[in-house]
Amino acid sequence: MADGPPINTSEVKKKDLVTYVRESQIWNSIFRHGPPNNDRNRALAVITNVFLHLHPVRVRKSGLRLKYTWCMGGVTFFLFIVETITGLLLMFYYRPTVEYAYADIWDLREQVPLGIMRELHRWGAHAMVISVWLHMLRVFMTGSYKPPREFNWNVGVFLLVLTLLLSFTGYLLPWDQLAMWAVTVGSNMARATPLLGYEGPGSSLLRLGDISLVHAGNDARFALLAGRFVGAGALLRFYVLHCVGIPVVATILMAVHFWRVRKDGGISGPV
Amino acid sequence: MSDEKIDKGAVVTAGTITKGADPGAAKTAAAAPSKTNQPAAPAGPQPHGITRRSFFSTLGIGWVAFSGAMGAGLTATARFMFPNVLFEPVQSFKAGFPSDYTVGKVDERWKEAYGTWLVRTDDGLYALSTTCTHLGCTPNWLPAENKFKCPCHGSGFYPSGINFEGPAPRPLERYKIVLGDDGQIFIDKNQKYQQEKGQWSDPDAFLRYTG
Numbered sequence: 001m002a003d004g005p006p007i008n009t010s011e012v013k014k015k016d017l018v019t020y021v022r023e024s025q026i027w028n029s030i031f032r033h034g035p036p037n038n039d040r041n042r043a044l045a046v047i048t049n050v051f052l053h054l055h056p057v058r059v060r061k062s063g064l065r066l067k068y069t070w071c072m073g074g075v076t077f078f079l080f081i082v083e084t085i086t087g088l089l090l091m092f093y094y095r096p097t098v099e100y101a102y103a104d105i106w107d108l109r110e111q112v113p114l115g116i117m118r119e120l121h122r123w124g125a126h127a128m129v130i131s132v133w134l135h136m137l138r139v140f141m142t143g144s145y146k147p148p149r150e151f152n153w154n155v156g157v158f159l160l161v162l163t164l165l166l167s168f169t170g171y172l173l174p175w176d177q178l179a180m181w182a183v184t185v186g187s188n189m190a191r192a193t194p195l196l197g198y199e200g201p202g203s204s205l206l207r208l209g210d211i212s213l214v215h216a217g218n219d220a221r222f223a224l225l226a227g228r229f230v231g232a233g234a235l236l237r238f239y240v241l242h243c244v245g246i247p248v249v250a251t252i253l254m255a256v257h258f259w260r261v262r263k264d265g266g267i268s269g270p271v
Numbered sequence: 001m002s003d004e005k006i007d008k009g010a011v012v013t014a015g016t017i018t019k020g021a022d023p024g025a026a027k028t029a030a031a032a033p034s035k036t037n038q039p040a041a042p043a044g045p046q047p048h049g050i051t052r053r054s055f056f057s058t059l060g061i062g063w064v065a066f067s068g069a070m071g072a073g074l075t076a077t078a079r080f081m082f083p084n085v086l087f088e089p090v091q092s093f094k095a096g097f098p099s100d101y102t103v104g105k106v107d108e109r110w111k112e113a114y115g116t117w118l119v120r121t122d123d124g125l126y127a128l129s130t131t132c133t134h135l136g137c138t139p140n141w142l143p144a145e146n147k148f149k150c151p152c153h154g155s156g157f158y159p160s161g162i163n164f165e166g167p168a169p170r171p172l173e174r175y176k177i178v179l180g181d182d183g184q185i186f187i188d189k190n191q192k193y194q195q196e197k198g199q200w201s202d203p204d205a206f207l208r209y210t211g
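Sequences listed follow chains B and S, in order. Taken in order, the first sequence gives residues 1 to 271; the numbers are from my numbering. Taken in order, the second sequence gives residues 1 to 211; the numbers are from my numbering.
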């Protein structure tokens, strides 16, 4: 910004390459601050960057100690990025239909170059669930859920649920026996949703005379599976939720989560 | 044209001055040319013809209309998630003639397509659901052990459908089974009969046949 060195084209030939780049219009249009050689410019470097500004401007020394944070939040975020990249790559081959799903998974493993890609996605998913739990454990053990961070703890709980839902929806996509029955069993829980599940408490109250308003053909499980049992509709729905719906919500909540770490006073220090 | 406007404004202005007086008095006051342009009172008719009351009633109608439109849109969008046509096996089917089935045997021919076992006893036939009452997996029929065994969590059922081992909390369900006009067995999966509710004694839960 104001600290940027003035551009003086007449002296360009005398300057070295770094100075030339730093004084170019392209550089100055991107980085609106001088070199980060003083506190003000270092702060500006963070504040004027959309990605860095989610982070605290300053981090406590204790916040960098691995023994204190375990870096599990960072590892979780890293794994989310790994999952996004590998997942995106898998989408180039995988087709979410009853006809092709299982064969495409097989194809990814046996024929597509770097057949480990799907395994990377799977291992990353397992690791992410573990790291999310460890992150939660660390935050709990250090008392970092206490005011003023109680709101961010709740955001984190939503992110935990979304992580588990990502695992659950991804479970179905290989379309093998394990996937079929795991999701059959898992989605049966939706039948017991209060009011909205046809076997749930209160759903029998929703009736017009002899006609039950909530039944197997319109309850919460039906909306989830697009059918009475796990079939083609469920595969497509889970695919869309797994690849678009849940990641988008999780990304938004992660932005809020990181931002609140900053706004709530940075990473909490040891008690 | 512009003169009229000025006149009107004068009346309003006069009305402001003689607030609370009767209209006749306002008119008298209007007769006197007033040069001072005072601001209109909030309660009286505004130059634009909008009163506070009409503004808020219009705003209210607007909000109601907007909320209604949003509600209708969201309802329609939620309805979008519930398909009208399902590409699933039909819920009722014809299962051939009773004489096609062997006495004392669990028949698996409709398991794959319709999720139903047909069991023939000395007295007749009944249609068992292939959905485990624990968490919804499909048990296997093990003829050697004369039982249904669920591979997911090990629930076991007698050929009658009664549970006897594993975590299943209740017997397998039976479907409606009747004889059609053409002499064929007709099974309707929309109608279920649960043993623990005493529904197995329902006439449609068991097809009498001794032929």
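Keep in mind that a hint or two might mislead.
Residues from chain B that keep clear of chain S, each with C-beta distances beyond 10 Å, as calculated [stated by the list, open to error]:
{"no.": "1", "residue": "Ser29"}
{"no.": "2", "residue": "Val185"}
{"no.": "3", "residue": "Gly233"}
{"no.": "4", "residue": "Ile252"}
Derived SDA-like pairs: lysine to any residue, alpha-carbon spacing no greater than 25 Å straight-line [said to hold, decoys possible]:
{"no.": "5", "chain 1": "S", "residue 1": "Lys189", "chain 2": "B", "residue 2": "Lys263"}
{"no.": "6", "chain 1": "B", "residue 1": "Lys146", "chain 2": "B", "residue 2": "Gly200"}
{"no.": "7", "chain 1": "S", "residue 1": "Lys192", "chain 2": "B", "residue 2": "Ala192"}
{"no.": "8", "chain 1": "S", "residue 1": "Lys176", "chain 2": "B", "residue 2": "Arg191"}
{"no.": "9", "chain 1": "S", "residue 1": "Lys176", "chain 2": "B", "residue 2": "His215"}
{"no.": "10", "chain 1": "S", "residue 1": "Lys149", "chain 2": "S", "residue 2": "Ile162"}
{"no.": "11", "chain 1": "S", "residue 1": "Lys147", "chain 2": "B", "residue 2": "Gly200"}
{"no.": "12", "chain 1": "S", "residue 1": "Lys189", "chain 2": "B", "residue 2": "His215"}
{"no.": "13", "chain 1": "S", "residue 1": "Lys197", "chain 2": "B", "residue 2": "Asp210"}
{"no.": "14", "chain 1": "S", "residue 1": "Lys192", "chain 2": "B", "residue 2": "His215"}
{"no.": "15", "chain 1": "S", "residue 1": "Lys197", "chain 2": "B", "residue 2": "Glu150"}
{"no.": "16", "chain 1": "S", "residue 1": "Lys192", "chain 2": "B", "residue 2": "Arg228"}
{"no.": "17", "chain 1": "B", "residue 1": "Lys263", "chain 2": "B", "residue 2": "Glu150"}
{"no.": "18", "chain 1": "S", "residue 1": "Lys197", "chain 2": "B", "residue 2": "Arg228"}
If you're looking for bench data, these hints aren't it; they were derived computationally from the structure. Heads up, the beta-carbon is just placed ideally off N, CA and C, and yes, glycines get one too.
The hints, checked one at a time:
1. Ser29: About 41 Å separates serine 29 (chain B) from the closest Cβ of chain S, which puts it past 10 Å; holds.
2. Val185: Violated, since 4 Å does not exceed 10 Å.
3. Gly233: Incorrect as stated: the minimum Cβ-Cβ distance to chain S is 7 Å, not above 10 Å.
4. Ile252: Answer for isoleucine 252 (chain B): holds, closest chain S Cβ roughly 20 Å.
5. S:Lys189 x B:Lys263: 57 Å, violated
6. B:Lys146 x B:Gly200: Status violated; Cα separation ~35 Å.
7. S:Lys192 x B:Ala192: Given that 25 Å is the threshold and the Cα spacing comes to 18 Å, the pair holds.
8. S:Lys176 x B:Arg191: 22 Å, holds
9. S:Lys176 x B:His215: 18 Å, holds
10. S:Lys149 x S:Ile162: Distance of about 12 Å is within 25 Å: holds.
11. S:Lys147 x B:Gly200: Roughly 30 Å between the alpha carbons, so the hint for lysine 147 (chain S) and glycine 200 (chain B) is violated.
12. S:Lys189 x B:His215: Given that 25 Å is the threshold and the Cα spacing comes to 14 Å, the pair holds.
13. S:Lys197 x B:Asp210: Answer holds: lysine 197 (chain S) to aspartate 210 (chain B) is near 18 Å, not above 25 Å.
14. S:Lys192 x B:His215: Roughly 13 Å separates the two Cα atoms, so the pair holds.
15. S:Lys197 x B:Glu150: 48 Å, violated
16. S:Lys192 x B:Arg228: 15 Å, holds
17. B:Lys263 x B:Glu150: 12 Å, holds
18. S:Lys197 x B:Arg228: 23 Å, holds
The structure does not agree with the numbered hints 2, 3, 5, 6, 11 and 15 stated previously, though it agrees with the rest.
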